[in-house]
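Chain B: place on chain A using the hints.
Respectively, the protein sequence lines represent chains A and B. Take the first sequence: its position 62, counting from 1, is numbered 62 in UniProt numbering, and each next residue is one higher. Take the second sequence: its position 79, counting from 1, is numbered 79 in UniProt numbering, and each next residue is one higher.
Treat the hints with care, as some may be off.
Which copy is meant is left open, because identical chains are indistinguishable; a pair holds if it fits in one copy or across any two.
Said to hold, decoys possible - Result set (EDC-like, lysine to aspartate or glutamate): computed pairs, CA atoms no more than 16 Å apart in a straight line:
1) Lys10 <-> Glu56
2) Lys99 <-> Glu85
3) Lys82 <-> Asp7
4) Lys99 <-> Glu86
5) Lys36 <-> Asp6
6) Lys93 <-> Glu57
7) Lys96 <-> Asp7
8) Lys78 <-> Glu56
9) Lys36 <-> Glu13
10) Lys78 <-> Glu54
11) Lys99 <-> Glu54
12) Lys81 <-> Glu57
13) Lys69 <-> Glu13
14) Lys10 <-> Asp67
15) Lys63 <-> Asp7
Derived by calculation from the structure, the hints in this document are not laboratory data. A quick note: this is a predicted structure, and the numbers were derived from the prediction, not measured.
Number of protein chains: 2
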Amino acid sequence: MKNFIDDLNKAFESRVRLGIMAALAVNDTLDFTALKEYLDVTDGNLASHIKALEKEEYIGVNKTFIDRKPNTRYFITKQGKKAFEEHITALEKLIKSQK
Amino acid sequence: MKNFIDDLNKAFESRVRLGIMAALAVNDTLDFTALKEYLDVTDGNLASHIKALEKEEYIGVNKTFIDRKPNTRYFITKQGKKAFEEHITALEKLIKSQK
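Here chain A stands alone, though its shape is the one from the complex (with noise of 0.2 Å):
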């Protein structure tokens, strides 16, 4: 049990970052409007587990422009897939210990 606990990763804790992780390791990148509906969260709820993931360096940010517009695009760090992944392998070992 202590385990699987311990794997478990402090950052994905919220159901939020759980869905923008799960979200990005899937789609190349997306944008901050993609990711709100995809969630169906508000803005400042979204800015702010966004900021919390930037900070871990689990995702990083793109800022271009498009037809003069600011675009930003969220992707995926190779460290983030990677703390993703062990993480989703500790859920599935709490999933296993319940079968």
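Then chain B, alone, in the frame of chain A:
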């Protein structure tokens, strides 16, 4: 995506609460010390998460005496088992979305 996020239970976001529920789902009852050793957490940390789960009525408490010493044992409630199973199902969906 929206669905599995919504189906994740906010009460189980914390690793410690997940651990308490997982432990009580597979053991009829556990006392405070057993849970503490199982999860390798401090008294204060465990107590606060137990309190939160009791408030949700996901776990219950039985207070008895063994050799005149108080013995407090925790168990999962019927609605706790249901809520935890739904949470596990939502986690399974999240994991499947990553494969």
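Tested hints:
1. Lys10 <-> Glu56: Within one copy only: 11 Å inside a chain, 22 Å across chains, cut-off 16 Å.
2. Lys99 <-> Glu85: between (21 Å within a copy, 11 Å between copies)
3. Lys82 <-> Asp7: For lysine 82 and aspartate 7, the Cα distance is within 16 Å only inside one copy (12 Å; across copies 25 Å).
4. Lys99 <-> Glu86: Only across copies: lysine 99 and glutamate 86 sit 14 Å apart there, 20 Å inside one copy, limit 16 Å.
5. Lys36 <-> Asp6: between (30 Å within a copy, 14 Å between copies)
6. Lys93 <-> Glu57: The answer is neither: 25 Å in one copy and 26 Å across copies each exceed 16 Å.
7. Lys96 <-> Asp7: Within one copy only: 15 Å inside a chain, 19 Å across chains, cut-off 16 Å.
8. Lys78 <-> Glu56: Answer is within: at 12 Å inside a copy they meet the 16 Å cutoff, but 38 Å across does not.
9. Lys36 <-> Glu13: neither (19 Å within a copy, 20 Å between copies)
10. Lys78 <-> Glu54: within (13 Å within a copy, 39 Å between copies)
11. Lys99 <-> Glu54: Neither. Shortest intra-copy (35 Å) and inter-copy (24 Å) distances fail the 16 Å Cα cut-off.
12. Lys81 <-> Glu57: Cα proximity of lysine 81 and glutamate 57: one copy only (10 Å, versus 36 Å across).
13. Lys69 <-> Glu13: Result: close neither inside a copy nor across copies, 34 Å intra and 37 Å inter.
14. Lys10 <-> Asp67: Neither: 39 Å inside a chain and 40 Å across chains, both beyond 16 Å.
15. Lys63 <-> Asp7: Intra 33 Å, inter 32 Å, cutoff 16 Å: neither.
In this structure, the hints that do not hold are numbers 6, 9, 11, 13, 14, 15, in rising order.
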